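There are 2 protein chains.
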Amino acid sequence: MFLTRRFKHCPSCGGQVAYQVPADDNRERATCTVCAAIHYENPLNVVGTLPVWEEQVLLCKRAIEPRYGKWTLPAGFMELGETTAEGALRETDEEAGARIELQPLYCVHNVVQAGQVHFFYRARLLSPAFNPGPETLEARLFSEDEIPWDELAFRTVRETLVRFFEDRRRGQGYGLHSADIR
Amino acid sequence: MFLTRRFKHCPSCGGQVAYQVPADDNRERATCTVCAAIHYENPLNVVGTLPVWEEQVLLCKRAIEPRYGKWTLPAGFMELGETTAEGALRETDEEAGARIELQPLYCVHNVVQAGQVHFFYRARLLSPAFNPGPETLEARLFSEDEIPWDELAFRTVRETLVRFFEDRRRGQGYGLHSADIR
Chain V
31 MFLTRRFKHC
41 PSCGGQVAYQ
51 VPADDNRERA
61 TCTVCAAIHY
71 ENPLNVVGTL
81 PVWEEQVLLC
91 KRAIEPRYGK
101 WTLPAGFMEL
111 GETTAEGALR
121 ETDEEAGARI
131 ELQPLYCVHN
141 VVQAGQVHFF
151 YRARLLSPAF
161 NPGPETLEAR
171 LFSEDEIPWD
181 ELAFRTVRET
191 LVRFFEDRRR
201 GQGYGLHSAD
211 IR
Chain Z
31 MFLTRRFKHC
41 PSCGGQVAYQ
51 VPADDNRERA
61 TCTVCAAIHY
71 ENPLNVVGTL
81 PVWEEQVLLC
91 KRAIEPRYGK
101 WTLPAGFMEL
111 GETTAEGALR
121 ETDEEAGARI
131 ELQPLYCVHN
141 VVQAGQVHFF
151 YRARLLSPAF
161 NPGPETLEAR
171 LFSEDEIPWD
181 ELAFRTVRET
191 LVRFFEDRRR
201 GQGYGLHSAD
211 IR
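Protein chains in written order, with this note's numbering: chain V, 31 to 212; chain Z, 31 to 212.
Incorrect hints may have been included.
Said to hold, decoys possible - What follows is a list of derived Cβ distance ranges for each label pair:
no., chain 1, residue 1, chain 2, residue 2, range
1, V, GLY99, Z, TRP179, 53 to 61 Å
2, Z, CYS65, V, PRO96, 20 to 28 Å
3, V, ARG185, Z, VAL51, 26 to 34 Å
4, Z, PRO52, V, VAL192, 29 to 37 Å
5, Z, GLY111, V, LEU156, 39 to 47 Å
6, Z, VAL51, V, GLU95, 50 to 58 Å
Stated by the list, open to error - Examples of chain V residues toward chain Z, derived with CB under 10 Å:
no., residue
7, PRO41
8, GLY45
9, GLN46
10, ALA48
11, VAL51
12, ASN72
13, SER208
Rather than coming from a laboratory, the hints here were simulated on the basis of the structure. Computed from a prediction, not measured in an experiment: that's the story for all the values here. By construction, the Cβ of each residue, glycine as well, lies at the ideal position given by its N, Cα and C atoms.
With these hints in hand, go ahead and build the complete structure from the sequences.
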């Protein structure tokens, strides 16, 4: 679902909002009928990591909706005041309590219907001990043949894992992958 | 400047907003004192291209604030309903009226104080004829020694151009570059 048309009132003055195309624009925007302020709605970034320990990767079992009980790479919404890399590191700490060394950006996937861009950095786990936060039921390592492919929370997580195991088998480096999910 | 604390009223019900830390959170969020809705503020994406024609790159002279009259690569805010690549293509068309073939993602720069992530794709110009839109005073090609380094609009534009000319001189491919600007 699009996160569009979520404004009913103006965040500045509280007046009623109407969706209309401003004079110098070509899209409907939340426009205040009282103070005329225009409020934009844009895609959000989700930042996370693909943490690796020897032959295994770290997945987290979600303790929150959406996709409660499904497995994900540690990731969450990027916050103001941080970089994409800092956000990925923070989410890995918050969701898995995992100590990692961040490696290069590996995937930038567009999730068009959700209005999201998902970033995943490769990461080297510094320890196989985890301390999951309240958003995670369980954090554990999986070898490739143990990955719960039918129990993954998000298509971008699947896409990132598929690319990773392919690249690892091929043995010619990792590069950057992008997929568009609609 | 941070685009934070921009909510005074609740976009859902129009009630007064207070910035406070929700029970399951660790950051202050815009929380409605009437309906209790929480409204998040997150970084935004700016998407654009580095269009190349033979030895030259395309820059646009801005017809809007901020940085009126300064030179930029064609770029703008990513919109809901599009991918980062589609947004980059759209902005190149809107700002320069340039016909391009998109190439791989080249730069992902974090502009922390602005709460923005800037994406630049390399692009091959299909024609050296441009048709600038209302946000652009002039669109023209520059060889490396003509770049108006002191008249560039944004640090991410400078960073992208510096990396590009370095990579081109080195002749070993372009890869992905990231810079953190605070």
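#### Entry: SER208 (chain V) as chain Z interface residue, shortest Cβ-Cβ below 10 Å
holds (7 Å)
### Message
Under 10 Å is the threshold here; is the Cβ of PRO41 (chain V) close enough to any Cβ of chain Z for the hint to stand?
### Response
Because about 4 Å separates PRO41 (chain V) from the closest Cβ in chain Z, which is inside the 10 Å limit, the hint holds.
### Message
Range first: 39 to 47 Å. Now tell me if the beta carbons of GLY111 (chain Z) and LEU156 (chain V) are that far apart.
### Response
Holds, at about 40 Å.
### Query
Should the hint that VAL51 (chain V) touches chain Z count as held when the rule is a Cβ pair under 10 Å?
Because about 13 Å separates VAL51 (chain V) from the closest Cβ in chain Z, which is outside the 10 Å limit, the hint is violated.
### Query
Does ASN72 (chain V) pass the interface hint, meaning its C-beta sits closer than 10 Å to a C-beta of chain Z?
holds (5 Å)
### Task
With chain Z as the partner, please determine if GLN46 (chain V) meets the hint condition of a C-beta pair closer than 10 Å.
holds (8 Å)
### Task
Check the following: the C-beta atoms of ARG185 (chain V) and VAL51 (chain Z) are separated by a distance inside 26 to 34 Å.
About 32 Å separates the Cβ atoms of ARG185 (chain V) and VAL51 (chain Z), which means 26 to 34 Å holds.
### Message
Verify the CB-CB distance for CYS65 (chain Z) and PRO96 (chain V) against the hinted window 20 to 28 Å.
### Response
At 22 Å between Cβs, range holds.
### Query
For the pair PRO52 (chain Z) and VAL192 (chain V), does the Cβ-Cβ distance stay inside 29 to 37 Å?
Given about 35 Å between the Cβ atoms, the range holds.
### Message
50 to 58 Å was suggested as the range; check whether the CB atoms of VAL51 (chain Z) and GLU95 (chain V) agree with it.
### Response
violated (21 Å)
### When the least beta-carbon distance from GLY45 (chain V) to chain Z is tested against 10 Å, hint result
Where the cut-off is 10 Å and the nearest Cβ of chain Z is about 8 Å from GLY45 (chain V), the hint holds.
### Task
Starting from the hint 53 to 61 Å, judge whether the C-beta atoms of GLY99 (chain V) and TRP179 (chain Z) obey it.
For GLY99 (chain V) and TRP179 (chain Z) the Cβ distance comes to about 54 Å; the hint holds.
Of the numbered hints stated above, those contradicted by the structure are hints 6, 10 and 11, listed in ascending order.
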